[in-house]
Amino acid sequence: MTTLASTKNGSRRGPLRRPFNWRRAIALTLLTLAVAVSILPFYWVLRTALSSNGSLAANSANLLPADFNLGAFKRVFGLQSASEAIAEGGSGASINFWQYLWNSLVFSGITTACAVFFSSMAAYAFSRLRWKGRDAVFSLFLATMLVPPIFTALPNFLLIKNLGLLNSMLGLVLPYLFMTPFAIFFMRQFFLNMSREVEEAAMLDGAKHWRIFFQIIMPNAAAPIATLALLTFMGQWNEYFWPLLVGTSEESRVLTVGLGVFKSQSPQGAPDWSGLMAATLVSATPVLILFAIFGKRIVNSIGFNGTK
Amino acid sequence: MTTITKQPDPGLAAGAPRKSRKRGKPSDGFRGIGDLKVALFFIAPAMVGLILFYLVPTIRGIYLSFTEYSILGDPEWIGTRNYERIAKDPLFWNALGVTTEYVIINIVLQTALALGLAILMHRVAKSTLIRGALLMPYLMANVIAALLWFWMLDYQIGIINQIIEWTGLPRVAFFGSEQWAIPTQALINTWRHMGYTALLIFAGLQAIPNSVYEAASIDGSKAVSTFWRITLPLLRPVLVLVLVVTVIGSFQVFDTVAVTTAGGPVNATRVLQFYIYQRAFNEQDFGYGSALAVILFLILAIVAFIQMKFLRGNQSDLD
Numbered sequence: 001m002t003t004l005a006s007t008k009n010g011s012r013r014g015p016l017r018r019p020f021n022w023r024r025a026i027a028l029t030l031l032t033l034a035v036a037v038s039i040l041p042f043y044w045v046l047r048t049a050l051s052s053n054g055s056l057a058a059n060s061a062n063l064l065p066a067d068f069n070l071g072a073f074k075r076v077f078g079l080q081s082a083s084e085a086i087a088e089g090g091s092g093a094s095i096n097f098w099q100y101l102w103n104s105l106v107f108s109g110i111t112t113a114c115a116v117f118f119s120s121m122a123a124y125a126f127s128r129l130r131w132k133g134r135d136a137v138f139s140l141f142l143a144t145m146l147v148p149p150i151f152t153a154l155p156n157f158l159l160i161k162n163l164g165l166l167n168s169m170l171g172l173v174l175p176y177l178f179m180t181p182f183a184i185f186f187m188r189q190f191f192l193n194m195s196r197e198v199e200e201a202a203m204l205d206g207a208k209h210w211r212i213f214f215q216i217i218m219p220n221a222a223a224p225i226a227t228l229a230l231l232t233f234m235g236q237w238n239e240y241f242w243p244l245l246v247g248t249s250e251e252s253r254v255l256t257v258g259l260g261v262f263k264s265q266s267p268q269g270a271p272d273w274s275g276l277m278a279a280t281l282v283s284a285t286p287v288l289i290l291f292a293i294f295g296k297r298i299v300n301s302i303g304f305n306g307t308k
Numbered sequence: 001m002t003t004i005t006k007q008p009d010p011g012l013a014a015g016a017p018r019k020s021r022k023r024g025k026p027s028d029g030f031r032g033i034g035d036l037k038v039a040l041f042f043i044a045p046a047m048v049g050l051i052l053f054y055l056v057p058t059i060r061g062i063y064l065s066f067t068e069y070s071i072l073g074d075p076e077w078i079g080t081r082n083y084e085r086i087a088k089d090p091l092f093w094n095a096l097g098v099t100t101e102y103v104i105i106n107i108v109l110q111t112a113l114a115l116g117l118a119i120l121m122h123r124v125a126k127s128t129l130i131r132g133a134l135l136m137p138y139l140m141a142n143v144i145a146a147l148l149w150f151w152m153l154d155y156q157i158g159i160i161n162q163i164i165e166w167t168g169l170p171r172v173a174f175f176g177s178e179q180w181a182i183p184t185q186a187l188i189n190t191w192r193h194m195g196y197t198a199l200l201i202f203a204g205l206q207a208i209p210n211s212v213y214e215a216a217s218i219d220g221s222k223a224v225s226t227f228w229r230i231t232l233p234l235l236r237p238v239l240v241l242v243l244v245v246t247v248i249g250s251f252q253v254f255d256t257v258a259v260t261t262a263g264g265p266v267n268a269t270r271v272l273q274f275y276i277y278q279r280a281f282n283e284q285d286f287g288y289g290s291a292l293a294v295i296l297f298l299i300l301a302i303v304a305f306i307q308m309k310f311l312r313g314n315q316s317d318l319d
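Here the protein sequences come in this chain order: A and S. For the first sequence, our numbering begins at 1 and goes up steadily by one. For the second sequence, our numbering begins at 1 and goes up steadily by one.
Heads up, a few of these hints could be off.
[Stated by the list, open to error] Dumping the calculated DSS-like pairs for lysine-lysine here, alpha-carbon to alpha-carbon at most 25 Å: (1) A:Lys208 / S:Lys37; (2) S:Lys126 / A:Lys296; (3) A:Lys132 / S:Lys37; (4) S:Lys126 / S:Lys37; (5) A:Lys132 / A:Lys208; (6) A:Lys263 / A:Lys74.
[Claimed, not checked] Which residues of chain A face chain S? A few of them, derived with a C-beta cut under 10 Å, are: (7) Ala61; (8) Leu70; (9) Ile150; (10) Thr152; (11) Leu165; (12) Leu177; (13) Pro219; (14) Met234; (15) Ser264; (16) Val287; (17) Leu290; (18) Lys296; (19) Ile302.
Note that these hints are calculated values from the structure, not bench results. The beta-carbon is built from N, C-alpha and C at its ideal position, and this holds for glycine as well.
Turn these sequences into a full structure, and let the hints guide you.
Laid out in structure tokens, this is it:
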């Protein structure tokens with residue numbers, strides 16, 4: 001894919017300007033290598049997931065699936081009986097990734113929607129309103145970015161435990177619902193750069209702040225909100241530590257935790273590699289789909305420094 | 001990820017019209033305290049989150065570090081005894097050692113590779129497709145990256161060991177040998193973050209105006225010396241940011257260790273956060289776990305402070 005694009009570039013410029021540019025060729029080769037290292041492992045996951053586990057050892061360097069079948073995926077979604085699963089190298093323990101997929105979706109969806117909305121509200125107060133102590137309070141929010149998650153995770157675990165919310169979806173989402181410091185910072189940067197004229201006109205019309213926020217500010221900030229929602233969603237989807245502490249029942253176990261459990265159940269001496277890779281692929285798929293649709297938006301958000 | 005830049009404040013910029021409005025409509029309620037009432041409404045949910053899940057836990061965490069607490073019953077105040085135990089705890093010093101090793105490998109490898117990649121992209125290919133491909137690993141969960149490499153680096157039938165054997169070298173027990181376990185964890189992390197870090201640096205390179213390079217070439221500066229004398233110094237804020245993010249992130253390594261080696265072999269990958277997790281949740285020693293967490297917090301704060309202070313990461317030479 002990328003090799004094609006790069007040789008096309010090279011031949012277009014090369015012969016016209018100078019005979020052959022060695023430095024450019026080396027640079028493109030190195031870049032192609034980096035791209036290969038980044039994406040080839042994904043192919044290997046797919047290839048393994050489509051293989052039959054028993055045939056992997058004998059075909060460990062075969063580039064195509066070894067003894068192609070979909071048993072690994074059936075195992076992951078709990079569609080095989082225990083004896084079938086064991087015969088194909090699985091553990092036979094019940095595992096249901098549909099449930100985990102759904103849990104991950106609920107966990108990431110709810111936290112993203114709430115955190116982005118509440119953070120935008122706060123960002124509005126930190127950018128478009130003028131009040132005493134504004135910058136001090138904002139600094140306090142920013143400072144929480146420096147606190148390592150493990151540090152607050154221990155007391156938060158106790159809080160959720162005391163509330164009787166261990167192993168429930170509510171306990172899982174609660175700490176993420178109200179805001180993330182990054183989201184507040186991110187939205188504030190955009191609100192600061194918005195023109196004030198429309199808002200002023202609405203003010204003169206006597207519009208209240210909540211109307212201005214909903215009818216002027218939020219619609220105008222649709223693009224950054226979409227970017228922020230994407231980044232937050234993917235971050236939540238990949239979260240592991242907190243769900244490991246709080247969500248260990250079937251109803252609250254998310255994909256990352258489910259993957260860890262699946263791995264630890266796998267027979268020690270001869271792991272169910274194709275089952276594991278099928279599970280890995282299933283866990284990665286939603287993010288891959290988001291990336292396929294919104295790739296450009298995600299790529300361009302990296303390096304965001306608040307001025308663009 | 002983000003740098004904080006000074007912004008014109010529209011609230012201040014609009015100061016003049018506001019004043020006149022105040023005179024015209026004295027009843028709009030903005031005098032004295034400004035928009036405080038409205039602001040309180042808007043920040044209320046975020047404030048609840050800040051207090052309940054950041055501020056109170058921070059204080060509670062520090063308090064717990066001075067207690068003995070096994071989740072059952074009440075925490076019992078024992079003064080600084082947890083910290084005294086930590087000072088004499090060989091597993092803590094081991095954890096600090098292996099975590100530091102992990103951090104150092106990450107910094108060197110990741111920053112060097114990312115810087116190289118960013119310069120290559122800047123020179124020969126600015127396509128979004130390439131940047132997207134390089135970013136893919138970063139979008140995956142740590143758990144996914146860990147399992148993927150756990151399979152590829154398997155001693156018996158992993159593809160990488162196949163390739164190593166073809167070149168005539170002996171197979172490597174990436175996860176099974178004490179000597180390789182930490183470098184392997186660092187390699188996984190480097191794979192996941194390399195492209196992301198490269199993109200950050202790439203954004204920094206894009207921000208350097210062309211006129212700077214033109215001036216340098218008119219003065220007869222060679223490519224190599226332009227890099228050392230102009231590009232690198234101007235990249236300093238971005239590089240410091242990358243360094244801070246890498247170091248702080250690496251010190252908190254947990255996910256990849258938890259799903260692959262779980263601290264082993266022996267203590268080779270018992271990194272700080274994994275050790276905290278074990279003490280607090282496996283051994284129910286919450287006081288001790290909290291004290292360890294306080295120390296991790298302090299280490300991170302000191303590291304971040306040193307990096308910002310001595311590398312002046314918050315000042316740009318471009319202005």
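Hint check results:
The hinted pair formed by Lys208 (chain A) and Lys37 (chain S) meets the criterion: a straight-line CA distance of about 12 Å does not exceed 25 Å. Our distance criterion of 25 Å between C-alpha atoms is met by Lys126 (chain S) and Lys296 (chain A), whose separation comes to about 13 Å. The straight-line distance between the Cα atoms of Lys132 (chain A) and Lys37 (chain S) is roughly 11 Å, inside the 25 Å bound, and the hint therefore holds. Distance hint between Lys126 (chain S) and Lys37 (chain S) is unfulfilled; the C-alpha atoms sit about 48 Å from each other, more than 25 Å.
A threshold of 25 Å between alpha carbons decides the hint, and for Lys132 (chain A) with Lys208 (chain A) the separation of about 20 Å falls inside it, so the pair holds. Taking the CA atoms of Lys263 (chain A) and Lys74 (chain A), the gap is about 16 Å. The hint holds against a cut of 25 Å. At about 5 Å, the closest approach between the beta carbon of Ala61 (chain A) and any beta carbon in chain S falls short of 10 Å, and the interface hint on this residue holds. With a cut of 10 Å, the hint placing Leu70 (chain A) at the interface with chain S is violated, because the nearest CB-to-CB distance is about 18 Å.
Interface restraint check: Ile150 (chain A) against chain S, minimum CB-CB distance 5 Å, threshold 10 Å, status holds. The closest approach between the C-beta of Thr152 (chain A) and any C-beta of chain S is roughly 4 Å, which is under the 10 Å cut-off, so the hint is satisfied. Annotation: interface hint on Leu165 (chain A) violated; nearest CB of chain S at approximately 13 Å, more than 10 Å. Using the Cβ-Cβ criterion of 10 Å, the hint placing Leu177 (chain A) at the interface with chain S is satisfied: the shortest such distance is roughly 7 Å.
Of the supplied interface hints, the one on Pro219 (chain A) is violated, with its beta-carbon coming no nearer than about 17 Å to a beta-carbon of chain S, more than 10 Å. Among the interface hints, the one on Met234 (chain A) holds; its C-beta lies about 6 Å from the nearest C-beta in chain S, closer than the 10 Å criterion. At a threshold of 10 Å, the smallest CB-CB gap from Ser264 (chain A) to chain S is about 8 Å, leaving the interface hint in force. Using the Cβ-Cβ criterion of 10 Å, the hint placing Val287 (chain A) at the interface with chain S is satisfied: the shortest such distance is roughly 5 Å.
Because the smallest distance between the Cβ of Leu290 (chain A) and any Cβ of chain S comes to about 8 Å, under 10 Å, the interface hint for this residue holds. Interface hint at Lys296 (chain A): satisfied, since its Cβ lies 6 Å from the closest Cβ of chain S, which is below the 10 Å cut-off. For Ile302 (chain A), the suggested interface contact is upheld, since its CB lies about 4 Å from the closest CB of chain S, less than 10 Å.
Of the numbered hints given earlier, the model fails hints 4, 8, 11 and 13; all others are met.
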